[in-house]
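Please construct the entire structure, taking both the sequences and the accompanying hints into account.
The numbering of the sequence shown is our numbering, which starts it at 411 and goes up by one.
Where hints are given, some of them may not hold.
To be verified - Heads up, simulated BS3-like pairs for lysine-lysine below, C-alpha to C-alpha not over 27 Å straight-line:
hint	residue 1	residue 2
1	Lys-523	Lys-755
2	Lys-1036	Lys-1010
3	Lys-755	Lys-971
4	Lys-1017	Lys-1005
5	Lys-662	Lys-650
6	Lys-938	Lys-963
7	Lys-681	Lys-1017
No wet-lab data here; the hints were simulated from the structure. Keep in mind it's a predicted model, so treat the numbers as computed, not measured.
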Amino acid sequence: MRLQRRTGPSLGTRRPIRIVPDWTENAIQGEHYWKPTSVSGDLCCLNEECIKSGQRMKCSACQLIAHQNCIPYVNEKTQLACKPTYRDVGVRQYREQSVTHHHWVHRKMEKGKCKQCGKAVQGKLFGSKEIVALSCAWCHEVYHNKESCFNQSKIGEECKMGNYAPIIVPPSWIVKLPTKGNFKSSIRVNNKGQPNAKDKKTRAASKRGKKDEKKEQRAFIVKPIPSTEVIPVIVYINPKSGGNQGVKLLGKFQHILNPRQVFDLTQGGPKFGLELFRKAPNLRILACGGDGTVGWVLSVLDQLNPPIQPPPAVGVLPLGTGTDLARALGWGGGYTDEPIGKILKEIGMSQCVLMDRWRLKVSPNEDVPDDNVDKSKDNVPLNVINNYFSFGVDAHIALEFHEAREAHPERFNSRLRNKMYYGQMGGKDLILRQYRNLSQWVTLECDGQDYTAKLKDAGCHAVLFLNIPSYGGGTHPWNDSFGQSKPAIDDGLIEVVGLTTYQLPMLQAGLHGTCICQCRTARITTRKTIPMQVDGEACRVKPSIIEMELLNKAIMLAKRKSRHPADVQVNPLEVLHLTVLRITMDQYEKYHYEKDMLRKLANKLGKMEIESQCDLEHVRNILTQKFEESIHYPKLSQDWCFIDSCTAEHYFRIDRAQEHLHYICDIAVDELYILDHEAATMPQTPDQERSFAAYSQRQAQNDRRQMDQQGTATVTCTT
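Pasting the structure below:
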């Protein structure tokens, strides 16, 4: 009998092999995240249909095995799909049936124990293709593949997400938005079921206007369920840190968590994920990389407008060499292949502490001519200090190292060789003493007091400003016995230390530098181009005036220890400050595609403060009571509903029967819109005290009167 060769999917329909989730409108539910595997005994999931061609690949999320050339056939089989990472039900039904079910995967080999009988799962010998167990890709429960241990009733069971449930982002939180043109409009239609001609014209005009906008359309939105019991963690990984550690960690986190809460920093940086999860309650961030990775995340948090409230706490998983911040927070100097589950539990139990962050403002020193040093710059590499800032011989050594590594990267592929280079450069400067006259080139003022003479007396070759106790791979330049108070990362003080070329290598032996002072502000005036470094980033800076002051305090995650200070108290649930606005049905039907127009036409009813976990039924009761009791509010009809103004690109109504499913944070950010269905038929003359016309007239008069006195005043209502 002649065997027919199997024909696979055409090249045009084959999906690309992905290692991270697709966040575009082309995302496919159940997509796998493949990585190469060489573990013996891993068998392809296709069994008889396997073509045995290509490298063996493993899905990081569900641990499915397939040959590289078998992957297109795996993608065709719905029963072999990966665990769902989002909901694709549209913007109206995302709160319906938000339960996460088990995602059972057939296993030919399994090392765990059966949840039912407690016995270990025994794999078959000689590469048997028999299914010996089933395991859930979410909670990782394992059952023998036999009726006594696993029955059909378990297939539709709700999954409790296992030991890591509080930190896992359930797929019901992440909603895929409909593509443009597929959204089911909520406007009224005529008897034939077609939109009115007027609506068509309005919609066409709106679409023409949108074509002119260069605004990127969102394909996903996160709709969290507000709760104090969840601690969602989004993970940022720098694959370039720590050799190949970052790439391995990416797959490990995708296996335990929802792959859509794990981000590769080389794929667009941290901003996208922070914007996406900004409404998640009690949000925590885990930055996997060096101190530069943590600084990158903190700098993007500073740039978000509006900022995330309350601000998320940032934890560190140290990878690579620059890990002084991780040491200061108790996470150690590097990742040593600890189980990821243990790390996630420690992040969940860690305590929130405050950390000072300092701003550097650099301006040219116009009293000194430019000395035209090659590769000199007008500014420091970073304008925010998280760890330390220094100038002099230590910055010179760091700069020489970076320039040598950029010129010959192949010579700097081991940590030992890098340390040897640092030692060589330090010995060279010990002999040459290039910065012995540093005090003649700079003027140092701290809190208004001149410390230049103290630098000269100590013969300093470098000046170091320490925000954290650890420096240069775990050394401690500051002597805790000096000064009026023991240094802390949240005391609003920065420690100033002088170093000589003799003291620099002795730091590794546990000795300290020359303590200058602790201060709240500093001013450094340089009269020569001097190497400077901020958090390990070095460059040569032209003669300048550098002013240092406290910028803000970031919330960081410190490893919990006994006798540690109490947690920083952060309200995990946001309190929303909302302006309540009312629009009519006529306005809604005409302009629901045009947010700016509806915002201009809406009547402002007042303001309210409310916690984000309140559902819309509760909000309706509060508003109804205010409308009935207060004469300051106009009278609404009984037939009014809420408008979602923040999920899609245009407004849509919330069905009153679904109000108990939605939270106030689902539909409003700064403004809460109310659609009054019967407003067009209600009396609108100023003669009636509770009419909107009378209310608008009174509001305009009050605004003009108060603008003349103290500015525009707003009516505030509290819950």
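Hint check results:
1. Lys-523 <-> Lys-755: holds, 22 Å
2. Lys-1036 <-> Lys-1010: holds, 24 Å
3. Lys-755 <-> Lys-971: Between Lys-755 and Lys-971 the Cα gap is close to 14 Å, so the pair holds against 27 Å.
4. Lys-1017 <-> Lys-1005: Holds: Lys-1017 and Lys-1005 sit about 20 Å apart, inside 27 Å.
5. Lys-662 <-> Lys-650: Answer holds: Lys-662 to Lys-650 is near 16 Å, not above 27 Å.
6. Lys-938 <-> Lys-963: This hinted pair is violated, its Cα atoms lying about 33 Å apart.
7. Lys-681 <-> Lys-1017: Judged against 27 Å, a Cα distance of about 31 Å means the pair is violated.
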